[in-house]
Amino acid sequence: MVLNSIEKLLEKYDNGETTIKEEQQLKAYFAQDEVAPHLESYKPLFQYFNTTKQEDLYTKDVPAKTKKSYIYQWISVAALLVLSLGIFTTQFGDTKKTFSDLSAEEQIAYNQAVEVFDLVGSKFEQGESNIAAFGLMSKKLSEGAENFEHVSEFSKATNKILKSKKKKQNKNK
Amino acid sequence: MTQTDFTKLVLPFKDKVFRLAKRLLVSREEAEDATQEILLKLWKNKQKIAEYKNVEAFSMTMTKNFCLDRLKSKQAQNLKIVHSNYEEKNTSLEKQVEARDSVDWVSKIIEELPEQQKIILQLRDIEEYDFDEIAKVVEMNPTAIRVALSRARKTIREKLTNTHRYGIK
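Keeping their order, the protein sequence lines are chains A and B.
Taking this note's numbering, I'd label the letters of the first sequence as residues 336 to 508.
Taking this note's numbering, I'd label the letters of the second sequence as residues 21 to 189.
No wet-lab data here; the hints were simulated from the structure.
All of these numbers come straight from a predicted model, not from anything done at the bench.
Worth double-checking, as some hints may not be accurate.
To be verified - Here's a subset of chain B near chain A, in silico, CB distances under 7 Å, partners left out:
#, residue
1, K34
2, L88
3, V123
4, V126
For each residue, glycine too, the CB sits at the ideal point set by N, CA and C.
Let the hints inform the model, and build the full structure from the sequences given.
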């Protein structure tokens with residue numbers, strides 16, 4: 336009975352007239368171990384169909400990735416770097432600020448620099464006092480200039496006297 | 021469309037794409053490359069994906085066209101990926117082994133079919149598509165598909181019964 340229907344199905348199958356259900360029946364039949372001897376040659380065909388569908392799989396990852404996510408990742412990495420660098424410098428950079436932390440050479444250099452600055456400062460003060468003297472002098476000078484005016488007024492008067500004396504002498508001649 | 025949406029969409033048919041590619045290109049590596057290429061193309065056009073009526077049929081058509089192009093370019097380079105060309109060198113032993121493993125023999129027979137028949141047979145007998153779906157992929161009318169399928173099946177059966185009856189030699 337079963338064999339009969341299978342033979343019919345096979346004929347239909349060869350003509351491309353079977354439905355998917357009928358083809359599944361055929362596949363199920365040939366998946367058994369016991370198959371009618373004259374149909375033995377069909378067995379590998381249907382077995383092949385079954386096994387390829389189960390075994391031939393695409394195993395690689397589906398390439399669903401965008402470039403954007405990479406960019407954001409790198410930005411975050413860079414931000415982290417900058418942040419940690421900032422924290423590092425503020426935390427550990429300040430510890431070297433006290434005088435005792437400096438090396439001997441640095442201390443000497445510092446002292447020398449301080450001395451030089453002191454010297455420059457004292458000279459500058461001296462210079463300032465000199466400038467004050469200049470100021471006094473210029474004040475006196477302007478006072479002197481005022482006095483000159485008195486002198487010039489005086490000389491005017493004497494000139495007048497001299498002129499009148501000369502006129503008198505001319506008349507006397 | 022997010023990555024997970026895309027993966028969900030692609031997951032049901034990525035193996036089908038791969039198997040069709042492998043049927044046509046024979047080599048597993050070539051088929052993997054082709055599959056990746058197809059999936060990448062889909063991902064790049066993900067905005068348009070909603071407009072497609074049938075993403076699976078569309079992808080299968082893309083796969084078919086891609087693989088046929090690939091084969092053409094390979095033939096132009098005179099570089100055959102069909103590895104039937106090394107059979108002549110190693111004669112008897114390999115053939116004997118193949119004869120015993122008759123399931124492998126089936127794949128050899130399918131390899132010798134014309135491309136069109138290969139595609140139709142693959143879609144029908146392995147992926148179990150109905151004729152309307154196959155029609156969308158190969159752009160043929162269902163009767164023509166039926167005829168091609170019948171020819172392919174008859175060729176396979178003939179060769180199988182021959183090898184079964186007489187062996188290989």
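Hints broken by the structure, by number, lowest first?
2
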